[in-house]
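Peer 1: For reference, the chains in residue letters:
Protein chains: 2
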Amino acid sequence: MAEQFASKRNLKFMLYEVFNAEELNQYEYFQDHSRETFDMILDTFYKIGSDFLYPLYQELDKNPPQYVDGQAKVNPAYREYMKMCGEVGWLNANWSYDEGGQQVPTTITMACSFVLAAANCGMTGFPMLTTGAANLIRVFGSQELKDCYLEKMMAGEWQGTMALTEPGAGSSLADIASTAEDTGKGYYKIKGQKIFISCGDTDATDNTIHLMLARIKGAPAGVKGISLFVVPKFRFIEDGSLERNDILCAGLEHKMGFKGSPICTLNMGEEGDCWGYLVGEANMGLAYMFQMMNEARIGVGIAAVGKATAAYYDALEYTKQRLQGRKANQKDPSSPQVPLIEHADIKRMLLFQRAVCEGGLGLGLQLAKYTDLAEVGQDKEKYELLIDFMVPMVKTFPAEYGILSTSAAIQCLGGYGYCSDFPVEQHFRDIRIDPIHEGTTGIQAQDLLGRKSTMKKGAAYRLFMEEAGKTIAAAAVIPEFKLQADTLAQGLQIMNDVATYLFGVQKEKGAEEFLADATLYLEMVSLLAVGWQWLMQGIVAYNALQGQPTQGDERFYLGKLQTLKYFFTYEIPRVNSLAHVIKTSQGLTANMDVSLFEEE
Amino acid sequence: MAEQFASKRNLKFMLYEVFNAEELNQYEYFQDHSRETFDMILDTFYKIGSDFLYPLYQELDKNPPQYVDGQAKVNPAYREYMKMCGEVGWLNANWSYDEGGQQVPTTITMACSFVLAAANCGMTGFPMLTTGAANLIRVFGSQELKDCYLEKMMAGEWQGTMALTEPGAGSSLADIASTAEDTGKGYYKIKGQKIFISCGDTDATDNTIHLMLARIKGAPAGVKGISLFVVPKFRFIEDGSLERNDILCAGLEHKMGFKGSPICTLNMGEEGDCWGYLVGEANMGLAYMFQMMNEARIGVGIAAVGKATAAYYDALEYTKQRLQGRKANQKDPSSPQVPLIEHADIKRMLLFQRAVCEGGLGLGLQLAKYTDLAEVGQDKEKYELLIDFMVPMVKTFPAEYGILSTSAAIQCLGGYGYCSDFPVEQHFRDIRIDPIHEGTTGIQAQDLLGRKSTMKKGAAYRLFMEEAGKTIAAAAVIPEFKLQADTLAQGLQIMNDVATYLFGVQKEKGAEEFLADATLYLEMVSLLAVGWQWLMQGIVAYNALQGQPTQGDERFYLGKLQTLKYFFTYEIPRVNSLAHVIKTSQGLTANMDVSLFEEE
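The listed protein sequences derive, respectively, from chains A and B. Per my numbering, residue 3 is the first one in the first sequence, and the count goes up by one each step. Per my numbering, residue 3 is the first one in the second sequence, and the count goes up by one each step.
In case anyone wonders, no lab produced these hints; they're calculated from the structure. Because the structure is a prediction, the values reported are computed rather than measured. Treat the hints loosely; a few may be bogus.
Any copy, or any two copies together, can satisfy a pair, since identical chains are not distinguished.
[To be verified] Below are the SDA-like pairs computed for lysine to any residue, each with C-alpha atoms no more than 20 Å apart in a straight line: (1) K226 - P335; (2) K154 - K322; (3) K261 - D423; (4) K219 - K509; (5) K511 - T46; (6) K511 - P341; (7) K333 - M286; (8) K154 - K191; (9) K384 - L147; (10) K329 - V225; (11) K64 - D423; (12) K14 - N296; (13) K10 - N269; (14) K49 - Q293.
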């Protein structure tokens with residue numbers, strides 16, 4: 003297990019050199035912050051990561067939470083961690099002072115989320131879901147709901163969850179079947195079953211507050227008839243004390259990885275007495291829940307970056323130390339063996355990992371910066387459109403390429419990478435959930451192509467092109483980047499051609515064929531987005547090298563330029579083949595009769 | 003867990019319709035066989051797979067072999083299986099009658115190996131290694147060694163192993179450090195340590211016969227000083243009885259998957275009394291061992307096809323049954339949900355899996371057919387060259403694309419794919435070892451580009467092009483395949499350009515830069531090879547459809563054509579981007595100073 007799981011040097015590069023986090027302090031909302039407070043926050047969470055979370059990473063995989071006495075029994079460290087998160091103000095760091103928060107920019111908290119997930123992804127879901135659930139109550143809930151729940155949740159004493167999935171409704175939320183019946187007494191009676199509920203019922207906290215989707219009796223079919231409820235494990239009764247609600251954890255799923263984060267099945271109303279409290283208006287549940295879903299999707303993406311990054315540092319440390327073989331041009335068997343990292347194929351795999359990790363981090367922080375700019379009212383609509391457009395990429399690129407990246411980390415370690423002495427195999431298992439939960443890759447792809455690319459007459463799409471275009475323009479005047487700037491410009495042109503082609507398919511052939519290759523479209527656009535991020539990082543590194551960097555900084559910046567070149571040379575060419583496939587597939591999957599999978 | 007783990011229908015298509023296995027019976031060596039004996043053999047092993055092996059697949063993952071009393075304690079089923087393999091003549095089915103075998107064509111035994119691995123990959127390594135080890139003794143050993151070991155091994159009473167890897171010598175076999183000292187008494191004394199030895203010391207058999215590489219004292223450095231020894235766990239003494247040899251299993255590794263196949267560390271000569279028997283001549287060990295390494299590489303490839311195939315059938319069965327969502331052009335939420343398989347994105351993932359599995363199986367069986375033709379003396383040199391050229395692809399394509407294929411199987415099942423209720427997550431873990439053991443992908447790639455493509459002045463390379471060219475010519479006259487035939491012909495032209503380019507790099511820049519992108523070259527050539535196989539299958543299916551197939555056969559053949567089209571539309575375009583990368587990378591990795599991975 004490498005000492006390093008995330009790089010402070012790179013984070014500071016990203017935050018201060020690429021994204022100019024300090025410029026946020028000029029806005030009133032963030033004016034109390036400064037580079038010093040940002041550094042302090044980063045240092046705090048890096049320390050929590052290295053001293054508290056990281057040493058538990060393998061332990062939680064070997065001894066995962068168990069189902070005991072009707073709930074998940076977790077390592078006592080979880081309770082300690084949730085309290086710690088409450089005490090340091092992590093859970094509501096972004097909230098306004100009025101709401102008890104610290105008005106920390108999302109740019110900074112997302113960097114911290116990355117660090118925590120790199121240290122121990124399984125534990126970090128607990129605070130993330132608590133914040134997300136509390137945010138729903140904060141934004142859409144009544145004053146009474148806020149008064150009842152937010153304080154305890156923000157103290158880390160009560161856990162929040164996101165209770166959507168049901169046995170018959172996974173990707174298809176329209177088919178949610180849990181019911182809610184108004185009692186006329188200020189609460190509804192809930193009946194149904196939820197599955198795969200992360201942190202659904204554990205002994206890490208004293209109460210669990212489920213933000214749950216259900217259908218009020220008589221509501222319209224489909225997504226227009228879904229409402230949002232607060233369903234606590236322990237409910238308040240009139241005297242202000244708590245009593246057990248009729249919601250039971252029926253068991254935990256056994257997962258391939260990500261074992262530090264238990265997922266459970268919940269049965270509501272088996273005794274006919276599960277109380278739930280309506281959040282906001284009836285039948286608006288899915289619209290509200292999209293807030294938490296977007297937060298969770300971004301959270302999944304940034305956690306995937308974390309997992310892949312920790313695996314990368316394991317591979318880097320191992321390949322620097324492990325001697326194996328000789329260079330291809332140096333075959334004298336009596337000469338000493340060289341470190342693995344000296345082999346071109348290993349360098350290629352390390353550059354791939356670095357490109358995915360630091361490029362994926364760039365995507366996430368770019369979205370965070372847009373979030374902060376939207377928060378302070380700077381072209382709010384513009385930034386919200388950019389965020390909408392980028393969420394599917396921020397979620398999916400690190401998840402899908404992260405599988406390949408952690409797999410490359412295993413390959414760097416050879417046989418040892420496949421054994422549990424090193425945590426790379428755990429990272430590979432842990433990250434495999436990320437293209438599934440919080441909306442599969444297929445769902446993200448349909449979102450990007452079917453909604454985000456067309457909404458507001460393509461406004462989000464055009465804004466994305468404009469933002470990338472600005473970076474291309476800045477790069478094009480630097481001879482060093484002429485090739486990459488041209489390549490990215492051509493890539494965006496290809497993307498445009500593909501989009502035009504697909505909108506034609508939509509018109510002529512309908513939705514089924516239009517969306518058939520959405521997953522490839524998502525991959526293609528994501529590669530270009532990551533290319534844009536690398537070009538942005540490259541410009542900063544190039545400019546820094548024109549000054550008088552220290553020797554260490556010089557290596558760091560040159561490493562950035564090398565990784566940029568790697569990404570454009572080795573990965574961007576996929577854009578062409580993806581575009582080619584999309585434009586030639588001609589409904590091959592959409593129109594295929596499934597009987598052709600039969601063999602007799 | 004799906005009922006089906008491999009398809010008899012597809013195997014019969016491959017064996018009898020594509021590869022005309024019966025035509026082998028015209029040769030004297032195979033003349034006692036017929037379609038009937040082939041079918042009987044296939045049915046026997048399919049039954050062993052379905053009735054005996056498959057039900058144990060998940061069990062061995064949950065309760066893997068444990069280190070007890072200095073060896074791996076395995077489920078008693080292993081002992082039963084090894085005996086069964088001995089009794090049905092599985093272990094030496096290919097051997098000549100003179101040698102106690104049954105002269106079964108490799109085309110048939112490889113099909114059986116595929117079935118067994120699909121049913122339970124972990125257990126099937128036991129017979130495979132026993133056969134491979136015995137083959138070394140059979141081909142290179144003295145009569146005395148043959149007399150001592152072969153009978154018991156072929157009865158499944160003694161296990162064979164392949165003992166190469168050491169703590170300081172994994173991919174770099176030149177650095178093997180175990181020593182052998184001639185005692186002058188007919189045996190050598192061996193000293194050293196071996197790691198990652200599959201089936202290295204278990205209670206499944208009464209003795210373990212290690213085929214081990216070691217260096218005789220005073221031998222030259224590097225691969226030219228390596229000799230091959232038989233090192234038994236129990237050795238014969240003069241009266242013909244057995245006594246314990248000084249070789250100890252020091253423990254088992256804990257692997258991410260493939261747990262049914264234990265790997266151990268062996269310490270030889272801790273008491274200074276480990277006896278080993280030289281096989282063949284001194285210092286010829288690596289050359290001999292290449293026979294077993296090639297067998298094992300082919301075995302790994304075909305096992306990977308098996309794992310991916312079993313996962314595919316899980317995904318197929320699940321997506322046919324599981325209802326989720328509606329088609330994109332049918333959004334009425336009150337309409338019933340459709341099976342997952344109706345969604346274009348799911349069909350795409352299933353076609354990908356089918357293309358990888360049935361294409362990978364084609365590659366393996368093609369090599370098997372060449373093996374049989376070489377065996378009967380038909381253009382022996384030609385077929386041996388083709389085999390040499392294809393081994394790296396037969397090993398690596400199913401291993402690397404199998405990771406993606408089993409990952410796609412997980413994705414088809416969504417959240418359930420990530421949980422241990424279904425075995426797809428196990429297949430994903432199990433297959434991840436295949437790009438590592440028996441030579442990593444990087445090693446296979448260097449073998450293909452650095453040796454196989456250039457050996458005998460490119461003779462193997464040209465033969466491969468010729469074989470693919472014949473299929474292209476046959477396809478080109480069928481209008482249905484015009485596009486694919488042209489595409490494959492262009493692909494081979496691209497491959498040729500790339501090879502010419504790389505040989506220029508070799509001349510001008512040297513070995514290091516020449517081999518830097520060997521892994522990409524291997525992927526590119528493999529995609530073309532699989533495209534060739536698909537075209538071959540497509541022609542057969544097309545011709546069959548011109549007759550009067552039953553309705554079931556019609557579906558099967560149309561499914562073949564659909565998968566062929568999928569592969570050429572969705573996967574072959576990668577050839578272009580891989581070629582582009584190779585031709586533009588300009589030593590980016592080879593010449594990179596590794597200090598650029600430093601961050602300060």
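Peer 1: Each hint: holds or not?
Peer 2: Hint by hint, here is what the structure shows:
| no. | hint | result |
| --- | --- | --- |
| 1 | K226 - P335 | between (72 Å within a copy, 9 Å between copies) |
| 2 | K154 - K322 | neither (47 Å within a copy, 46 Å between copies) |
| 3 | K261 - D423 | both (17 Å within a copy, 15 Å between copies) |
| 4 | K219 - K509 | neither (38 Å within a copy, 77 Å between copies) |
| 5 | K511 - T46 | neither (55 Å within a copy, 50 Å between copies) |
| 6 | K511 - P341 | neither (56 Å within a copy, 22 Å between copies) |
| 7 | K333 - M286 | between (69 Å within a copy, 19 Å between copies) |
| 8 | K154 - K191 | neither (24 Å within a copy, 71 Å between copies) |
| 9 | K384 - L147 | neither (32 Å within a copy, 79 Å between copies) |
| 10 | K329 - V225 | between (60 Å within a copy, 16 Å between copies) |
| 11 | K64 - D423 | both (12 Å within a copy, 19 Å between copies) |
| 12 | K14 - N296 | neither (26 Å within a copy, 50 Å between copies) |
| 13 | K10 - N269 | neither (44 Å within a copy, 43 Å between copies) |
| 14 | K49 - Q293 | neither (30 Å within a copy, 54 Å between copies) |
The structure is inconsistent with the numbered hints 2, 4, 5, 6, 8, 9, 12, 13, 14, although it conforms to all the rest.
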